[in-house]
Amino acid sequence: MTITEHTAPAWEELVSAALLGTTRRRPPIEVGAEPVDPAGALLDAAAVATVRRRAGLRPARSAPRPAVAPDDPRPLPPPAARSRLRDLLNDRTHHGGSGGGRRGAAPSLAELLPQWLAAAGRYGYRAPDAVLPDLLDAARARTDLRSDALALAGPRALWLAELNPEWKFALRSGNRGAAGDAAADPRAAQRLWDEGLFAERVALLTRIRERDPAAGLALLSGTWAKERAEDRLLFLDALRTGLGPDDEPFLEQALTDRSRNVRATAAELLSALPGSALSHRMTERALACVALDRTGVGPRIVVEAPHACDAAMERDGVTATPPPGRGERSWWLGQLVEGAPLAIWRDRFGGRTPEQIAALEVADDWQPDLHAAWCRAAVRQRDARWARALLGPPPVPAGAVAAVGDPAKLLSVLPEDERAVWVAEFIAGHGLSEAFQLLGACAVPWAEPLGRAVVDALDIAREAGSYPWSFSGVMGLAERCLDPGLAERLEPLTATAEDGSNASPGSGAYWSEAFQRLVTTLRLRAAMLQELAG
Amino acid sequence: MEDTEQRWSVEQVLALAPDAASQKAGTRLAAPGPWTGTGTSGPSGDGGGAVVWGLCAGSGSKPYRTAVDLAGPAFNCSCPSRKFPCKHALALLLLWARGEVPTATDEGTPPQWVAQWHAKRTAAAREKTARGASAAADPAAARKRAERRAQRVAAGATELEARLADQLRSGLAMGREEQRGWEGVAARMVDAQAPGLAARVRDLAAIPASGGDWPSRLLEEYAMLHLLARGCLNLDSLPGPLADTVRSRLGFTTASAELLAGPTLRDSWLVLAQQDSVEGTMTTRRIWLLGARSRRAALLLSFGAAGRAPEVTLPVGRSLEAELAYHPGGLPLRAALGTRYGPPTAGQTPPGVPVQEALTGYGVALGADPWLDEWPVVLAGVVPIPDQCGWQLADAEGDSALPVDPRRLGRPGLWRLAAVSGGRPVTVFGTVGHRGFTPLTTWSAARPVAL
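Respectively, the protein sequence lines represent chains C and L.
Number 66 in the working numbering belongs to position 66 of the first sequence; there are no gaps in the numbering.
Number 807 in the working numbering belongs to position 273 of the second sequence; there are no gaps in the numbering.
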């Protein structure tokens, strides 16, 4: 369709006369005998030409058609679930319209989108075609949504992403992107490895390591010397996937890398590799420092921290210079113990279990350093027995919270149920003010004892008369993580209570609103999951 | 509830919202949490429609009482919001649309406050109809007013003609700065009671800044304005239908009641699209319909001012048995909605035409109304082609394509269209204008998708 071009040459002349003005250029119009205003005649002629052109529009020649999108045989979610998805995406796009400020009793739908996507993924649904653009936009804005959103969106979203540069990220992101396709085909893999963008290459390496660790290592060592230091660091990190004894020679070599961070990562990977030469060296060093002393009244641990950090230690990833405020010797000791396999301590301490070892007295105030190092080792080696032993039972309310290690990290090593029970007991003793990070380490939805503990603690906080926003972090978590079945239990708390004598003014109403939002969100989550079940 | 046919879709409910903020607030409230005592009744049998009601806990101690009469629809809520409908009414309807509002049993018929409001409303509506029929304006005074207005409009058209000619004498290139002066001219056209001229004049000011071949486009719009002004000044010598068209393009309208008193067309109208555009505080809603038996298209216009949604809302993709009355003109398109017979029923994907036929139809329509800038067309079997230089809708066979109007290129709906198509032919409803096609609705597995 010739929409702006005028076929008749006369039109161009009319336009140039109009541009210059009829006093300067006479329009090319045949005029009869009567004298007429040239401007009027130009308008007449232009009107005729315009209507003629518009009424005679012809089709344009079509551009090359896009390829047909591949079929997606997965089923659509049930209708109610589809309209829920539109609501959730809609809430995301309209965010900022009237958002901001106090949230009142209404739930935040955007926060529920990740759960919806994950749940829909478990059912093996595909996204309705019409929401694909919104889904891609959401995934572009929030990286935490990407993998679930793209899995749901399926091949048609990738087809769309080929057409719209704004969605190029979808082609890169691991899941079913270029990396996934190339991983199966060595030649395509090599090409992507040689020519791809950094993110594509990391995704590819991770993919290949999942199927064939040796092939991934070969790919990486082929170009290792040419990679930039910061890239080497992340590539090395990708070797965690499928880490095995075959990687040792390469990692040993990386211990001499120019970049200190690369060296440290290589050492960390080697220390996690049971039986590696590095872990033997670290074992030797650690055992030289820590021993059992039977000469006293009872057995106790004696520590002789290293007096120097030699070149060999540095090569094995030990950092020589401590951070400000830390003694050199305790700093070195910590790194040696952290880098040694935890299994060595059983023999060293006469066949004792981790619990028994953790209970042993430690001479000369070395206990905090030694236990902190074991905590880091337990997290790094994902050793649940040691984590449990070091964590101990939740501290009693009156006692100070022992500052050994990071309880949230140790918890992450334990099985889900055990985590929930531990945190529930912690909350029962200490309330919520220190529980935020611990809660973040628990599996969603929160197992029964934990959910109840959180609800009880919130109720206690309400009765104490503080404002709910002091707990907004935990409230937000609770909305997303509490078991929806707890809504009934919470219902009575939504009533507005009279402000107690020592309560902050108006706190009762705010609490009732906060609980209302919690209940509403939980019901919404329950409804959401039910809709997906169909 | 088994009457899913009568229940509205979520989109339909959201279309009632006066603005995006209300949509969001309503969506958030549409959860069982704050609601108690919800219920719905069947049609009341006394002329009113089904009613939905419920109590919504707000920040105060007393819950808000919210009720909606689905015929109309009409809203009532005890909240202090000035938005209309308020978020409570929207949330209630959303719950109902999702089937989360129980149908009232015999003993649980509407609570008294609902029944009272509903009865009052029905009575008021009946009274209004009765009054409307008997209200006969003074015909002599009306004629006099019309004459005075005609004179004013003609004076406006004369001034506009002079201004256009002046501009062409000194040249469009010279007048690039002066294009701002058109705002003043537009204001005088409003004073002259010719809103149609005013709107076109206002659009002129933006063209020189729109890039591309702007002199050509500006001359076209000058020419079309000139044609309209000439038509205005020679109204008496024009054939009847064309004179009506000119009058409506100038901004003369006929009241709906007057139109509906004349001949009407009863048909099963498929709702093709409903689109809102906002200018300042005024929302204009355009609803496109297609008659199943007459095969005729119709456009319903409705307006909403400051915080109110336009009154009419119809479910896209559904069919409505109703009477329409067309506004007079050589090309009957704009219409007023009269009596409806029953609630909307399930609709189907409408039949469509290929690209060439769509353009031919537009050309023929221009013969009756040269100022036409949106001609409704259902395209069938077309493939959307996203392209660097703009989008096209191409026939599945052959190499004919219809470009998408370049002014629509930024719209997210285009990508939705591509997603639904997946490279395969689809049916698309939209409007043809002289700059290209504006897609409004497509169908995915017989379900409508707004674009």
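Note that these hints are calculated values from the structure, not bench results.
Be careful, since some hints might not be right.
To be verified - Here are the computed lysine to any residue pairs in the SDA-like style, where the Cα-Cα straight-line distance is at most 25 Å:
#1 Lys168(C) with Leu738(L)
#2 Lys168(C) with Phe609(L)
#3 Lys596(L) with Lys409(C)
#4 Lys168(C) with Pro920(L)
#5 Lys596(L) with Phe609(L)
#6 Lys409(C) with Val421(C)
#7 Lys168(C) with Pro946(L)
#8 Lys168(C) with Asp72(C)
#9 Lys168(C) with Leu943(L)
#10 Lys168(C) with Arg945(L)
#11 Lys596(L) with Asp72(C)
#12 Lys596(L) with Ala509(C)
#13 Lys596(L) with Gly508(C)
#14 Lys596(L) with Tyr467(C)
#15 Lys168(C) with Cys923(L)
#16 Lys596(L) with Asp459(C)
#17 Lys596(L) with Val421(C)
#18 Lys168(C) with Asp921(L)
#19 Lys596(L) with Glu491(C)
#20 Lys596(L) with Leu493(C)
#21 Lys654(L) with Asn768(L)
#22 Lys596(L) with Thr494(C)
#23 Lys596(L) with Trp366(C)
#24 Lys168(C) with Lys596(L)
#25 Lys596(L) with Leu490(C)
#26 Lys226(C) with Phe250(C)
#27 Lys409(C) with Trp366(C)
Between lysine 596(L) and threonine 494(C), does the CA-CA distance stay at or below 25 Å? holds, 14 Å
Between lysine 168(C) and lysine 596(L), does the CA-CA distance stay at or below 25 Å? With Cα atoms ~52 Å apart, lysine 168(C) and lysine 596(L) exceed 25 Å; violated.
Satisfaction of hint between cysteine 923(L) and lysine 168(C), Cα-Cα up to 25 Å: Satisfied, since the Cα-Cα distance of roughly 19 Å is no more than 25 Å.
Distance restraint between lysine 596(L) and alanine 509(C), which requires alpha-carbon spacing of 25 Å or less: Holds, because 13 Å separates the two Cα atoms, which is no more than 25 Å.
Below or equal to 25 Å on CA atoms is what counts here, so check lysine 596(L) against valine 421(C). violated, 40 Å
Taking only the CA atoms, is the gap from lysine 596(L) to leucine 493(C) under or equal to 25 Å? Since the Cα atoms of lysine 596(L) and leucine 493(C) sit roughly 17 Å apart, the hinted pair holds (cutoff 25 Å).
Hint check: lysine 596(L) vs glycine 508(C), CA-CA at most 25 Å. Holds or violated? Roughly 16 Å separates the two Cα atoms, so the pair holds.
Are the Cα atoms of lysine 168(C) and phenylalanine 609(L) separated by 25 Å or less? violated, 46 Å
Within 25 Å, alpha carbon to alpha carbon, are lysine 226(C) and phenylalanine 250(C)? The given pair, whose Cα atoms are some 15 Å apart, holds under the 25 Å limit.
Hinted pair, alpha-carbon criterion (25 Å max): lysine 596(L), phenylalanine 609(L). Please report holds or violated. Holds, because 19 Å separates the two Cα atoms, which is no more than 25 Å.
Below or equal to 25 Å on CA atoms is what counts here, so check lysine 596(L) against tryptophan 366(C). violated, 64 Å
Between lysine 168(C) and proline 946(L), is the straight-line Cα distance small enough, at 25 Å or below? OK: lysine 168(C) and proline 946(L) at ~17 Å, within 25 Å.
Hint compliance for this structure: hints 1, 2, 3, 11, 17, 21, 23 and 24 are not met, and every other hint is.
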